[in-house]
Amino acid sequence: MSTVFAKSVPGREGVWPEKPRTEPVDFIPEGLLRARGANLPSLSELDVVRHFTRLSSKNYGVDSNFYPLGSCTMKYNPKFTEEVAALPGFARLHPLAPQLPGGGDMVPGALEVMYETEQLLCEITGMSAFTLHPMAGAHGELTGALMMAAYHADKGHAKTKIVCPDSAHGTNPASAAIAGYEVVSIASKDGIIDPEALAAVLDDQVAGVMMTVPNTLGLFERHLPRIVELCRAADALLYYDGANLNAILGKLRVGDAGFDVVHLNLHKTFGTPHGGGGPGSGPVGVSERLIPYLPVSRVAKDEAGRFSLRYDYPKSIGYVAPFYGNFGVMLKAYAYILRLGGEGLTRVSENAVLAANYLRKRLDDLLEVPYNRICMHEFVSSAERQGKNGVHALDIAKALLDRGYHAPTIYFPLIVKEAIMIEPTETESKDTLDGFVTDLREILALAETNPAAITAAPVTLPVGRLDETHAARAMEITDDLG
Amino acid sequence: MPYIPHTPDEVREMLDVIGVASIEELFAEIPDSLRPKSFAIPHGLTEMEVRRRLERLAAKNRTDMSSFLGGGFYDHYVPSAADMLLARGEFYTAYTPYQPEASQGTLQAIFEYQTAVSRLFEMDCSNAGVYDGGTALYEAVMMAVRHTRRKKVVVSEAVSPIYRIVLATYTKNLRLTLVTVPHAAGGDDMAALTQAIDAETAAVVVQNPNFFGTIQDFTSLFSTARDKGAVSIIAGYPVLQTVLKTPGAMGADIATAEGQSLGLPLSFGGPYLGIMTCRKALVRQMPGRIAGRTKDASGRTGYVLTLQAREQHIRRQKATSNICSNQALCALRALVNLCLTGEEGLTRQAALSIENTHYAAMRLCCIPEITLLNRDLPFGNEFTAVFPINAKKIVRALVDEGIVAGFPLGRYYPGLENALLVCCTEKHGRDEIDRLARKVEKAL
Numbered sequence: 001m002s003t004v005f006a007k008s009v010p011g012r013e014g015v016w017p018e019k020p021r022t023e024p025v026d027f028i029p030e031g032l033l034r035a036r037g038a039n040l041p042s043l044s045e046l047d048v049v050r051h052f053t054r055l056s057s058k059n060y061g062v063d064s065n066f067y068p069l070g071s072c073t074m075k076y077n078p079k080f081t082e083e084v085a086a087l088p089g090f091a092r093l094h095p096l097a098p099q100l101p102g103g104g105d106m107v108p109g110a111l112e113v114m115y116e117t118e119q120l121l122c123e124i125t126g127m128s129a130f131t132l133h134p135m136a137g138a139h140g141e142l143t144g145a146l147m148m149a150a151y152h153a154d155k156g157h158a159k160t161k162i163v164c165p166d167s168a169h170g171t172n173p174a175s176a177a178i179a180g181y182e183v184v185s186i187a188s189k190d191g192i193i194d195p196e197a198l199a200a201v202l203d204d205q206v207a208g209v210m211m212t213v214p215n216t217l218g219l220f221e222r223h224l225p226r227i228v229e230l231c232r233a234a235d236a237l238l239y240y241d242g243a244n245l246n247a248i249l250g251k252l253r254v255g256d257a258g259f260d261v262v263h264l265n266l267h268k269t270f271g272t273p274h275g276g277g278g279p280g281s282g283p284v285g286v287s288e289r290l291i292p293y294l295p296v297s298r299v300a301k302d303e304a305g306r307f308s309l310r311y312d313y314p315k316s317i318g319y320v321a322p323f324y325g326n327f328g329v330m331l332k333a334y335a336y337i338l339r340l341g342g343e344g345l346t347r348v349s350e351n352a353v354l355a356a357n358y359l360r361k362r363l364d365d366l367l368e369v370p371y372n373r374i375c376m377h378e379f380v381s382s383a384e385r386q387g388k389n390g391v392h393a394l395d396i397a398k399a400l401l402d403r404g405y406h407a408p409t410i411y412f413p414l415i416v417k418e419a420i421m422i423e424p425t426e427t428e429s430k431d432t433l434d435g436f437v438t439d440l441r442e443i444l445a446l447a448e449t450n451p452a453a454i455t456a457a458p459v460t461l462p463v464g465r466l467d468e469t470h471a472a473r474a475m476e477i478t479d480d481l482g
Numbered sequence: 001m002p003y004i005p006h007t008p009d010e011v012r013e014m015l016d017v018i019g020v021a022s023i024e025e026l027f028a029e030i031p032d033s034l035r036p037k038s039f040a041i042p043h044g045l046t047e048m049e050v051r052r053r054l055e056r057l058a059a060k061n062r063t064d065m066s067s068f069l070g071g072g073f074y075d076h077y078v079p080s081a082a083d084m085l086l087a088r089g090e091f092y093t094a095y096t097p098y099q100p101e102a103s104q105g106t107l108q109a110i111f112e113y114q115t116a117v118s119r120l121f122e123m124d125c126s127n128a129g130v131y132d133g134g135t136a137l138y139e140a141v142m143m144a145v146r147h148t149r150r151k152k153v154v155v156s157e158a159v160s161p162i163y164r165i166v167l168a169t170y171t172k173n174l175r176l177t178l179v180t181v182p183h184a185a186g187g188d189d190m191a192a193l194t195q196a197i198d199a200e201t202a203a204v205v206v207q208n209p210n211f212f213g214t215i216q217d218f219t220s221l222f223s224t225a226r227d228k229g230a231v232s233i234i235a236g237y238p239v240l241q242t243v244l245k246t247p248g249a250m251g252a253d254i255a256t257a258e259g260q261s262l263g264l265p266l267s268f269g270g271p272y273l274g275i276m277t278c279r280k281a282l283v284r285q286m287p288g289r290i291a292g293r294t295k296d297a298s299g300r301t302g303y304v305l306t307l308q309a310r311e312q313h314i315r316r317q318k319a320t321s322n323i324c325s326n327q328a329l330c331a332l333r334a335l336v337n338l339c340l341t342g343e344e345g346l347t348r349q350a351a352l353s354i355e356n357t358h359y360a361a362m363r364l365c366c367i368p369e370i371t372l373l374n375r376d377l378p379f380g381n382e383f384t385a386v387f388p389i390n391a392k393k394i395v396r397a398l399v400d401e402g403i404v405a406g407f408p409l410g411r412y413y414p415g416l417e418n419a420l421l422v423c424c425t426e427k428h429g430r431d432e433i434d435r436l437a438r439k440v441e442k443a444l
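These protein sequence lines map, in sequence, to chains A and B. Residue numbers for the first sequence follow full-length UniProt numbering, beginning at 1 and rising by one. Residue numbers for the second sequence follow full-length UniProt numbering, beginning at 1 and rising by one.
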């Protein structure tokens, strides 16, 4: 399909405003003006609508396809929350309004939403306070790491290292490094953190330990109480990566369990859409001892029930975002939480875990499941057995695309060979799960009898497997380059 | 339960397959000692009840005002077709395009977005977007630090203070030296900026139009930076970019921008879009997603995420950035908006914004007590007016008349308590501007 630029016809009218009475050169010296045109497309409204409608048909989304994508919780995105976020009383709100004199009075509804969202997230996680500012999970990790640094510096003992298990998401070590830390990786034992391995690296330079619970293998970290003890003794802060919160709502509160910092991904657990790669939202919660370091501004409520933004926190790490985070995203998560309530959220995790275990049991005779025990909301299988026929995790993923499924996450976590990570979520019906099992069985049978049929996949999509090496070498990254 | 489809019978069947008696058994590994001490979340509500509650909260906010508030975030007209296209579930319920064959829609759109913004800024290439204009500027600085292996960053005080405070938070931990060069009556102090660049300087950072609305040419400053081995970074304003001399033409190495004005609602500060463009030589230092064009085995053109060796899911702690979100839907919105307005539409939007802003400046300056912060410097869609009294008083008085007159600068620029930043877009009518002038005169 040709690019939108190739479709451009000079002079064709789009959605134009009225013709100005003046020209910029009437006000601005010519030397400060643009010399050549920008060569942006000229298209009719229908040209544009058709181009993007056709592009959309080349995508899999949760609305059209089952998306059993481990570690990313691709659940259904309720539609009414989109309308809520688009209400003019929210969508037209200027972020500088509260900085005007008396500005708090212009935005009380927005501040109330933020305050209540923070309170709800505190109750869901057992943390003492939240900031909504981080604009994605990784941004939350960085915010958390900066707060950990501020905490230790404030105690007069700046530390240099952060520990991550080898099963961690890539963002964990990357965020720690960007906050200025050296990253120490520890090996898992039986799929979970080995307290002895942790103890061996927990010296007085360790500022914190980053964990995902359940971890990226979908397993509960059974040694959590011991890990908490070890961290306390070493004055290392315990960080919770909330990517897998969808497994434990109402079952485990990380604050109660002893975590000091947590980031949540509203777009994973709280039903806000992924958007093809953003916008997300990564609020961060902290325990009592880290409250002074939260970023500014913070939403406060006075005795009269009035809300305001406050900036007077001398120990704060400062501003991680220009304003208050991805407000439009938090509105959707707020609406989602109100809709489900406490019981509904608990049911979310129960059914997510139910569905994952059901799929695991239906598939474990076909695919290797290295840690084949009760899992949480996801499980990791391996295509190692299929490898002897020359069929790899990637091939199985592509064959699933052909049958109308988005592929599971593959080759992650790094500690499982030929990993295929499956997370069905609570919103998929048993019929969908059963259909997936049937299709996957057919693929795995073909992998035995006719491997070429699988390694050639996908054949039903707009393109077959693409040459990524060529892409990196040729570097055609605009219509004008390459 | 909403959004959970399983009937009690189906739950039973699933539990039987798993071989457990109850759902609770699936959570047996979580010991009692770790169970929640409380989970006091209110009961769930119906869709209608939640909507009513949110509608009530939305109605408490004052968005019915005649507003001249900008400061880098502007209320431009958004074509209806943009909202309709963005509501397609195939776009907004998709994941990051790691499976390119099932994501050609998102990937081609990113490629087109990269092309459009590169052309807008006359730069070689662009990434697929970062969180917002503030983080884009921070990531640009980090590109420069990595590229030059130097630790000093020279920033003009005329760069948005909202970006500079973010920059300060992130650089504090990395032992970078931020040197802020004071503005000169609303302009950038070119001589002082030039002087501040030395052999230790990683980057010089400016903005055009700057926070005061002033438009300048940084060609000579960037030339000095190049001679000293420093990277030139400029933050721009995309709507005016069809009209203003481009970062590329000035010789910038990296151009960033807040993409909100390209069709994104103000939405109280987010989600927005950080635009990042650069010269080809710096592309491997660029953070975030980048889409590239390639072919499949039968020669069909397709798009993939490329140069991923820079990214966290491959490089972990050695990545260029921890970022793994590109605000894809926001970038798509910007692209759709650019396509709907096209070059002519965007140029008109820019020209109308400039025209209305100059009309507003003229009307305000007809009031004897009001002057411009600097009458000799050109401006575009925003200008700084100076009053004989604190600008906050003017703003407060006009709020009662249903007008947000602008942004008082005293909060960020001590000494400029009497200055007010006023913006117009194509949405302002002359009658609205006349009314602003009348009410300001009355308030003095």
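One or more hints might be untrue.
What the hints assert, rightly or not - Chain A regions said to be covered by chain B (calculated; three or more residues, Cβ under 8 Å):
| no. | region |
| --- | --- |
| 1 | 228 to 241 |
| 2 | 248 to 261 |
| 3 | 305 to 315 |
| 4 | 399 to 407 |
| 5 | 428 to 441 |
| 6 | 461 to 467 |
What the hints assert, rightly or not - Example chain B residues on the side facing chain A (calculated, C-beta under 8 Å, incomplete):
| no. | residue |
| --- | --- |
| 7 | H147 |
| 8 | Q285 |
| 9 | Q312 |
| 10 | C365 |
| 11 | C366 |
Think of the hints as simulated: they come from the structure by calculation, not from any bench. Quick reminder that beta carbons are idealized off the backbone N, C-alpha and C, glycines included.
Structure-based check of each hint:
Counting residues of the region 228 to 241 of chain A whose beta carbon lies closer than 8 Å to any beta carbon of chain B gives 0, which falls below the threshold of three, so the coverage claim is violated. Here the region 248 to 261 of chain A counts 7 residues with a CB under 8 Å from a CB of chain B, which clears the bar of 3, and the coverage holds. With 0 residues having a beta carbon nearer than 8 Å to a beta carbon of chain B, the region 305 to 315 of chain A misses the requirement of three or more and the stated coverage is violated. Beta-carbon proximity to chain B at under 8 Å applies to 3 residues in the region 399 to 407 of chain A; the threshold of 3 is reached and the given coverage holds.
Beta-carbon proximity to chain B at under 8 Å applies to 3 residues in the region 428 to 441 of chain A; the threshold of 3 is reached and the given coverage holds. By the rule of at least three residues with a Cβ nearer than 8 Å to a Cβ of chain B, the coverage given for the region 461 to 467 of chain A holds, with 7 such residues. For H147 (chain B), the suggested interface contact is broken, since its CB lies about 16 Å from the closest CB of chain A, more than 8 Å. Here the hint on Q285 (chain B) is broken, as its CB sits about 14 Å from the closest CB of chain A, past 8 Å.
For the restraint placing Q312 (chain B) at the interface with chain A, the shortest Cβ-Cβ distance is roughly 4 Å, inside the 8 Å limit, so the hint holds. Contact between C365 (chain B) and chain A, as hinted, is not supported at the beta carbon level, the nearest pair being about 14 Å apart and thus beyond 8 Å. Interface hint status for C366 (chain B): violated, as the beta-carbon distance to the closest one in chain A is roughly 17 Å, over 8 Å.
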